[in-house]
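What follows is the residue order along each chain.
Number of protein chains: 2
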Amino acid sequence: MSDTHPAPRAAMLAIGDEILSGRTKDRNIGHLASVLTLAGIDLKEVRIVPDETPAIVEALNALRTTYDFVFTSGGIGPTHDDITADAIGAAFGLPVTVHRQANERLAASYRSRDLPYTEARQRMARTPEGASLIDNPISVAPGFRVENVFVMAGVPSIFAAMLDNVLPTLPSGPAIQSVAITCPLGEGDIGGPLGEIQKRHPGTAIGSYPKFDGQRYSTELVIRSRDPAAIEAARVEVEAMIATVSAATGAAKA
Amino acid sequence: MSDTHPAPRAAMLAIGDEILSGRTKDRNIGHLASVLTLAGIDLKEVRIVPDETPAIVEALNALRTTYDFVFTSGGIGPTHDDITADAIGAAFGLPVTVHRQANERLAASYRSRDLPYTEARQRMARTPEGASLIDNPISVAPGFRVENVFVMAGVPSIFAAMLDNVLPTLPSGPAIQSVAITCPLGEGDIGGPLGEIQKRHPGTAIGSYPKFDGQRYSTELVIRSRDPAAIEAARVEVEAMIATVSAATGAAKA
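In order, the protein sequence lines correspond to chains A and B.
All the letters of the first sequence, read from the start, carry residue numbers 1 to 254 under the UniProt record's numbering.
All the letters of the second sequence, read from the start, carry residue numbers 1 to 254 under the UniProt record's numbering.
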C-alpha cells in the first residue's frame, strides 16, 4: 500500500472448546473480519484456542504484543468453563476482582426481572483490575477492555452488539475500497497474466477467489486499495486481460 | 480424561487474505473440527494467517512442532497469491520442485479436456521435495503431505474430499462419545451446580452452550468422554440438578 497513514493491525482470539470440537460453528470471525475491513483496520491473524488457561494466556500475550488491537470472543458467561476473565488477568499479571459498576448493573438487572443474583451470575461482574466495561445492550453482562485487548461475548448477537460499541472508540485507518470483477474463466487460465498485473500495481491487493459449480471453475477477482485511482488503473488492465484470454480460449470451448 | 491411549492432538492453519478480510466466510474449520472429533483426534488450536510467507512459515513451525498433526487449507491454486507450497518448503527448509506424479496427473487431465496446461496450472504440480500427494477426486490438482503436515485446498468441497482421503491413514484415538441435554434454564441458574458436577466427574468434559432467543436464555449441555460409563454417571447428576433447579425457580417464573 502507498498510504502515509498505515492501517491499524488487529488480531482475534476466539476462545472455546465448542468451536474446536465442531459442536458450534464460529460466526464471529467472519463478522469481525468484515466490520474491521470496512473500518479500515487490517485483521492480520486469528487464533482459536480451548477453554484452558495456559493456551489462552500464551496466545493472548503473543497477539497483544504483536498487533495494535486484539478482540476476544467467548468464555465470559457464568459457568465453570468461563475462564476468560481470569486468563486475561493472568496474561496481564493483574488480579481479577468484582468490578463495582458491572456488579451494580447485573444486580439491578436481575432484581428488575425477579431473578436471583446467583453466585454463578456474580462471576460475570469480575474483571482484571482497572478494566473498562464494554456495554452489552442485549443481556446486560458486560465485556471489558484491558489496554489494547477487547474481551467480548461468544454469542454472535452479543459479540456484534459489543463490537458496535467498541468500534467508534478506535482510531481507524483510511477505509479500504474494493471492486469485484466476475470472471468466467478459471484461475488456471488467468493466473499468469493476473500475477503480472499485480506486479505492475503494487498499490493494490488483487485477490482471486475460485468458484466451482461442480463442473467448471469461474473466478471472482477483487481489487482492494485505499487509493481509488490505483483500483481503477488495475481494473482497466484486469478487464482487458479477461477479454484477451477469453478470445484466445474461445476456440477451444466453442 | 482417564484414557490410557491419549488422543492425537492436531492443529489447523487456514491460509488466506480472503478470510481475514471477511470476503470469504471460512467453512473448513468447522468441518475439520467435527470430523476430527468423530475420529478421536483432538483439534487443539486453529490459526488463520494471510497470504504472506513469513506469517505462514512462523505459524506452521509453531504448530508442527507442538502438535501431532497440522492440517492447512488454502493457497495451493494456480495464481500469484497461491504461495502455500513455497511457504511450506521454506518452513521445512526444503526446495520446492515439480512433483513428477502431480505433473503427469495435471497434464493428462488438461489434455483430456482440450485445455492448455498453462504455466499457471503447472504451478499446481510443485511441492516441497519428498512430499507425498493427497488425491483430489474433484479437480485433480493434488494436496500433499510433508512429515506431519497435510496441505489441502481452500475450496470447501475439495478440502473435505482431501480430508476423507487423509483420515484413514492417521492413527486415531478412541472416539469421543457425547450426550446432549437440552436445559430450559439459563447458564446463570445452573452455572454453580454444574461446576460442582464437573468437579465430581473429572473423566468427562461438560460443556455448556447458551442459546438466546432474543428474550431469554436456555442451555444445551454436552457431556463428552471416551468412557461411556463416565458419561452416564455425569448425565444422571445433571438431569437431577436440572429438575431440582427448575422446581426451585418455578415459583418466580409462574
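No lab work stands behind these hints, which were simulated from the structure alone.
Possibly wrong hints are sitting among the right ones.
Pairs involving identical chains hold if they fit within one copy or between any two copies, as the list cannot separate such chains.
[Stated by the list, open to error] SDA-like, lysine to any residue: derived pairs with alpha carbons at most 25 Å apart:
1) 25 - 205
2) 199 - 220
3) 25 - 166
4) 211 - 161
5) 199 - 228
6) 211 - 185
7) 25 - 38
Consistency of the hints with the structure:
1. 25 - 205: Answer is between: at 19 Å across copies they meet the 25 Å cutoff, but 29 Å inside does not.
2. 199 - 220: Intra 19 Å, inter 51 Å, cutoff 25 Å: intra-copy only.
3. 25 - 166: both (24 Å within a copy, 22 Å between copies)
4. 211 - 161: between (32 Å within a copy, 16 Å between copies)
5. 199 - 228: Close inside one copy (18 Å), not across copies (58 Å); limit 25 Å.
6. 211 - 185: within (10 Å within a copy, 43 Å between copies)
7. 25 - 38: Both: 24 Å inside a copy, 16 Å across copies.
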